[in-house]
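A.B. asks: Protein chains in written order, with our numbering: chain W, 625 to 870; chain A, 1226 to 1506; chain F, 64 to 295.
Note that these hints are calculated values from the structure, not bench results.
C-beta: ideal position from N, C-alpha, C; glycine also.
Don't take each hint at face value.
As the list claims (entries may be wrong) - If you anchor each label on the Cβ, the simulated ranges turn out as follows: (1) 1480/A / 282/F: 51 to 57 Å; (2) 274/F / 1399/A: 39 to 45 Å; (3) 138/F / 755/W: 31 to 37 Å.
As the list claims (entries may be wrong) - Computed cross-link-like contacts, DSSO-like style, restricted to lysine-lysine with a CA-CA straight-line distance of at most 27 Å: (4) 731/W / 190/F; (5) 686/W / 649/W; (6) 643/W / 116/F; (7) 68/F / 1434/A.
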Amino acid sequence: MPDKDIILEVKNLSKVFDKEVLNIKKLSFRRGKVYGIIGPSGSGKSTFLRLVNLLELPTKGKIYFKGEDISMNGRTDIPARREMTLVFQKPLLFRTSVEENIAYGLKARRFTKEEIKARVETLLEKVGLRDFAGRHAGTLSGGEAQRVALARAVAFEPALLLMDEPTANLDPSNVELIERLIMDLNRNTDMTIVMVTHNIFQARRVAQDVIFLHEGRIVEMGATEKMFTSPQDPRTRAFVDGRMIF
Amino acid sequence: MRVFFKLLCLTLAIILIGGCSNAPVDKGEVDKVDEFIILATTTSTYDSGLLDVLLPVFSQKYGTKVRVISQGTGQALETGKRGDADLLLVHDRASELQLVEEGHFTDRQDVMFNDFIVVGPSADPAGLKGIEKVTDAFTAIAFGGHTFVSRGDDSGTNRKELSLWEKAGIGDFKDWYLSVGQGMGDTLRMAGEKQAYTLTDRATYLSLKNSLDLEIVLEGDSLLFNQYGIMAVNPANHSHVKYESAVKFIDFLMSSEGQELIAFFQIGGEGLFFPGKGVDD
Amino acid sequence: MSLLKGIAEAFSLILTLDPYLTQIVLLSLQVSGLAVFFAALAGVPLGTYLGLKPQERTRFAGKLLYTLMGMPPVVAGLLFYLLFSRMGPFGVLGLLYTPTAMILAQFVLAVPIIAALTMIGIRSRGKDVQETARTLGAGRLLTAWTVVRESRFAISGAIVTGLGRVIAEVGAVMIVGGNIEGHTRVMTTAIVLETGKGNFELAVGLGLVLLIISFVINSLLYSFQGGGKEIA
């Protein structure tokens, strides 16, 4: 019997481009928790998210979403996709209004006009862009754009929210705003959030569990505080210590 | 920007709808009147304007429109042989008779004739104005190395010109001879610009005379008579051709009404075509 | 005839909406407009499809499109002449010397242009748009539509470029259309004919209309490109 609380599980997941960039024996994610994936660049963090969201197909291995194998047959157009989403480091906003951007996923899911309007309004309020509904997406700053992208991603209340370095290159006030939004989501919904970050402080502030990837493999994983206070693996220690100097 | 996108769509839509309403439609008439027939003719005939006089009279009388394709004689004969036209109005008598013999065409009639002329610069550097025989004139051009512009497009006029060179015994074309691959009008224009000699039908020359710096330097040699023939594409070869309408058109041109229209057709007060047959068999 | 006088008379032909000239201009717009309309229906999806594929996997298709983009109109004309002539494989359709044949020939000229330019336009941003749409749960159809809509400036530019090319070509329409007055005579073939006949006023008038149309087309193109940059 699969554990109902496990929303996502991967087994023997491998991705080979020119060489193998990811190889994970087993990893599971529980409903309602925030996970941080940390590790140096090139460690396979982004590839992992892209595999889970089926933007890439695994070379080998299985991905289970709510107990269902979604990696089968190379099919990428399956209902499970609609229950998860991925926010990129550099958000791409459609060349329409802010409102239309946020409504995109809702329209794809055939929400009613009233429902869409209500949700867009609430979300704009939450991301601090109340008067931006009619603005063209092309006129937004980087931070505003990322906030719109986040609002767009959570509008349809996915069960799994994947984020790839969502606050890289943003100024501190925008970073704070986005982190607060993530914590809000964690408190008020049972969304599972997986956030790739190179910023270990951020992982420590936001995530309950942390996974440390190195050269495509899991070096260490566990509760955040434990990882930071008493890392077991020397590589984790080096990574954590190296950053802790300043 | 979105406005432009919509505008583009709208424009395309209008064109599409407009296109549909104007598209040719086969109405499937009950009587046996064809909506149109295709007449392939030579550029010189077309450019003379004679058809503008003849066709409306025919169309009004029989209810059949005539779509005219104007091509070089060689291409027009080929068009007919392939069955891409219903009838031909051309002027290369020897070829026509041979093609009738071979069964490609039928109901051929000598419908009218005109004459070719040699035109050149008013200064007439080759001194053709006193010469009577066209072969002598051509010899003078060749030996003097005076510029001669040839249509070089396998048209009836071009074929005529080549046969005249042959008759004159000239086979060595040097840089004085320019083969331009153009219709009669363009060839005349080029001859004018270059102050060169050329062989032309009288009709095209008269219609363009005012915009050309060229004079008639030789005319009247019987070798220069130009017989026009009209003939239908043989329905035995191409079952789709509108043979009956084609014959109606031939009969119309050969009728006294048609022959009179040809005889009275004038440009600048000069008649261009003589009805009937102007050559001996 | 002086050029100035010709231009003056040409303007009066245009301003008085001379019926012969008007009819030719309208037919040109119809033939080329329809050709481009259908070429867009084929070329935009093809270009979008190729633009979303990794560039190294579409190298051959790309080369082929670029080659066909440069196909001389007379070659397209010759091809359709041989196909549609009564002796040709599609002769029974009786399409030679009809506007339909002209539309088909221009369609073939426009498709590679529209497809290639669409492909280039999609390549710059299409992959990212596709992935974003998919992360947001869009199905295949909505994803495709989103990609096209997001590249609408490039695609509009591609379509307008195709229109500019075919409306100005003379080789194909002359051969397959036959330049029949009132039936298949378009601006370019009429210019050839009227120049040959020495009717410079009409030729210049048509040339002016063609230039004006070209100006409008290129203004549109310019604004599409400007529009694209403004927001990119």
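A.B. asks: Hint by hint, say whether it matches the structure.
C.D. replies: Going through the hints against the structure:
1. Judged by the Cβ atoms, the range 51 to 57 Å given for residue 1480/A and residue 282/F holds: they are separated by roughly 56 Å.
2. Our hint of 39 to 45 Å for residue 274/F and residue 1399/A holds, since their Cβ atoms are close to 41 Å apart.
3. Distance hint for residue 138/F and residue 755/W: a CB-CB separation of about 58 Å, inconsistent with the stated range 31 to 37 Å.
4. At roughly 21 Å between alpha-carbon atoms, residue 731/W and residue 190/F fall within 27 Å of each other, so this suggested pair holds.
5. For the proposed pair residue 686/W and residue 649/W, the alpha carbon gap of about 10 Å is at most 27 Å, so the pair holds.
6. Between residue 643/W and residue 116/F the CA atoms are separated by roughly 22 Å; this keeps the pair inside 27 Å, and the hint holds.
7. Restraint check: the Cα-Cα separation between residue 68/F and residue 1434/A comes to about 18 Å, which is no more than 27 Å; the hinted pair holds.
Hint violations for this structure: number 3 only, all remaining hints satisfied.
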